[in-house]
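S.K.: Residue numbers (the working numbering), protein chains in the order written: chain P, 490 to 627; chain F, 648 to 846.
It cannot be assumed that every hint is accurate.
Below are the EDC-like pairs computed for lysine to aspartate or glutamate, each with C-alpha atoms no more than 20 Å apart in a straight line [as the list claims (entries may be wrong)]:
1) F/703 with P/590
2) F/801 with F/745
3) F/702 with P/590
4) F/679 with F/726
5) F/702 with F/688
No lab work stands behind these hints: they were computed from the structure.
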Amino acid sequence: MIPGGTENARLVVQFGIPSIRWRRLVTIVRTAVFAFALSFGASTLAAQFPAAVIPPDSLARLDSAARRDSIRLSGGELQDWRLADSLTAVATGEVVRADEDSVSFQNGSPAPYTGSGVPMFAIAGVGALLAGVALIRR
Amino acid sequence: MRRFLGLLLCGAGAALLLAVGFDYARAAYARKHAAEVWKQESSGSLASHWPDSLKKGDPAGRITIPAVGLDEVVIEGVDPADLDIAPGHFPGSALPGEAGNAIISAHRDRQFHALQHVVLGDTVITQSRAGRVTWIVVSRRIVERGTPALFATKDPTLTLTTCWPIRYVGPAPDRLLITAKLAGSGDRPASARSSLSVR
Numbered sequence: 490m491i492p493g494g495t496e497n498a499r500l501v502v503q504f505g506i507p508s509i510r511w512r513r514l515v516t517i518v519r520t521a522v523f524a525f526a527l528s529f530g531a532s533t534l535a536a537q538f539p540a541a542v543i544p545p546d547s548l549a550r551l552d553s554a555a556r557r558d559s560i561r562l563s564g565g566e567l568q569d570w571r572l573a574d575s576l577t578a579v580a581t582g583e584v585v586r587a588d589e590d591s592v593s594f595q596n597g598s599p600a601p602y603t604g605s606g607v608p609m610f611a612i613a614g615v616g617a618l619l620a621g622v623a624l625i626r627r
Numbered sequence: 648m649r650r651f652l653g654l655l656l657c658g659a660g661a662a663l664l665l666a667v668g669f670d671y672a673r674a675a676y677a678r679k680h681a682a683e684v685w686k687q688e689s690s691g692s693l694a695s696h697w698p699d700s701l702k703k704g705d706p707a708g709r710i711t712i713p714a715v716g717l718d719e720v721v722i723e724g725v726d727p728a729d730l731d732i733a734p735g736h737f738p739g740s741a742l743p744g745e746a747g748n749a750i751i752s753a754h755r756d757r758q759f760h761a762l763q764h765v766v767l768g769d770t771v772i773t774q775s776r777a778g779r780v781t782w783i784v785v786s787r788r789i790v791e792r793g794t795p796a797l798f799a800t801k802d803p804t805l806t807l808t809t810c811w812p813i814r815y816v817g818p819a820p821d822r823l824l825i826t827a828k829l830a831g832s833g834d835r836p837a838s839a840r841s842s843l844s845v846r
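Next comes chain P alone, as it looks inside the complex (with noise of 0.2 Å):
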């Protein structure tokens, strides 16, 4: 018996046990943690997580508008289309070269940048969070 201290003190000192009150701590911790996750919601991690969960399909918040112009047509019924896209315009104008991050189109502009360095700080934050955690318990 350690001359002023707990139990929990003396086994903290002779076998590394951490005290009770550590451990709630810990687990207050934990708790929050894993409730701060779960507030993310489940559309958010789907959205941001995309190799592995697929977003829930939205289609009832269409307005009835737009379900009525939807169509989908076969390849055949395609034929009499022009297929103009923006490719085939390239002999009508002057081409620029065009550098990814502009911000304002001009006649041969590469497709904007769309990519978003957020889903990798989350993907960051649950791994150091994870590590963080087993190196406590450890």
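Since the structure of chain P is already known, use the hints to place chain F on it.
M.R.: Chain F alone, transformed into the frame defined by chain P:
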């Protein structure tokens, strides 16, 4: 020491998640605000309420692809800050329904996630100061990032772009381009004159 390191990692992880959460909360608020502004502007006659020129971040229109459940308000600008909020209209390109190529871009892990399911013949409906226009998807291409792929057109054309592959962790190497032409041989369908409604 090990526990201190663990706590440090937990703190860093929580801080990162807080930053991500803040980013999404901010984007959700801005998106809601843009939708409200759009609703106000489109509630009356488009011609009388629409500003002559769009500023960065202004609602530029609305895009709906019923076949894949996509329904979003489009804002002006394709900066990362703009795209975090909503699909962006490429400044300098035509507005949907006007003569020329109207280009709309968005993140593959946000609003344009469903673009992977769009096929030739699908209907796209846009609303802007040019009115309510129905389009038919006529082209679906994948190009390398940085490749000159967007060109001016004489006819009204709608081009949607996002990163490709959709399911790719990290900076995507390619871009998905979906091109649509006006439905009904260039004429707007009768439904194009129906009243606007915003969810």
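S.K.: Given the hinted pair residue 702 of chain F and residue 688 of chain F, is their Cα-Cα distance within 20 Å?
M.R.: holds (14 Å)
S.K.: For the pair we were handed, residue 702 of chain F and residue 590 of chain P, check the Cα-Cα distance against 20 Å.
M.R.: holds (19 Å)
S.K.: Residue 703 of chain F and residue 590 of chain P were given as a pair; does the straight-line alpha-carbon distance stay at or below 20 Å?
M.R.: Holds: residue 703 of chain F and residue 590 of chain P sit about 16 Å apart, inside 20 Å.
S.K.: Are the Cα atoms of residue 801 of chain F and residue 745 of chain F separated by 20 Å or less?
M.R.: holds (10 Å)
S.K.: Are residue 679 of chain F and residue 726 of chain F close enough, with their CA atoms no more than 20 Å apart?
M.R.: holds (18 Å)
When held up to the earlier numbered hints, the structure conflicts with none and fits them all.
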